[in-house]
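Turn these sequences into a full structure, and let the hints steer you where they fit.
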Amino acid sequence: MSNDAKTKEKMRIAVFCGLCILLVAGIFVSIGSGTVSLSVGETWAALTGEADADTDRIVNLIRLPRTIVTVLVGANLALAGCNLQGVLHNPLADPGIIGVSAGAGLFAMVIMLLFPEQSAMVPLAAFVGAVLSTG
831 MSNDAKTKEK MRIAVFCGLC ILLVAGIFVS IGSGTVSLSV GETWAALTGE
881 ADADTDRIVN LIRLPRTIVT VLVGANLALA GCNLQGVLHN PLADPGIIGV
931 SAGAGLFAMV IMLLFPEQSA MVPLAAFVGA VLSTG
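Under this note's numbering, read the sequence shown as residues 831 to 965, first letter to last.
Where hints are given, some of them may not hold.
Said to hold, decoys possible - Using C-beta positions, here's what the derived DEER-type ranges look like: (1) 914 <-> 853: 20 to 26 Å; (2) 915 <-> 859: 25 to 31 Å; (3) 940 <-> 832: 53 to 59 Å; (4) 905 <-> 864: 18 to 24 Å; (5) 962 <-> 922: 31 to 37 Å; (6) 945 <-> 887: 38 to 44 Å.
If you are wondering where the hints come from, they were derived from the structure by calculation, not from laboratory data. Keep in mind the model is a prediction, meaning the values are calculated, not measured. Glycine included, C-beta positions come from ideal geometry on N, C-alpha and C.
So, in structure tokens, the structure goes:
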């Protein structure tokens, strides 16, 4: 490896580590934020099982699941965007630009307007519309 390649690799590792640190900090901010503000120490105590019952319930039953789902949804949206751009070989590909969102919205609206009693079918119809408009 040349020096330039080694420098780029070190830079990638540093950026990755920095983003991981920001993610962990964001998770602690998310868990600590809410109607009842919690300090980092209280949050850590709840995560390790050393907090009082109320703080433990707030963190482990409400805020931690919400934060985990948020992180997973963000990761999945990022992966979906990468997949879309990779498959189309277009770094600017976006569901709104290529019509995926419009197809999903059209099929969802058709169900809501023509068959309002079948509202449980709206997500499936939106998925079918998105797949058809992508094809």
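Right, here's what the structure says about each hint:
no., hint, in the structure
1, 914 <-> 853: 20 to 26 Å, "holds (23 Å)"
2, 915 <-> 859: 25 to 31 Å, "holds (30 Å)"
3, 940 <-> 832: 53 to 59 Å, "holds (57 Å)"
4, 905 <-> 864: 18 to 24 Å, "holds (23 Å)"
5, 962 <-> 922: 31 to 37 Å, "violated (22 Å)"
6, 945 <-> 887: 38 to 44 Å, "holds (42 Å)"
The structure fails to meet hint 5 from the earlier list, while all remaining hints are met.
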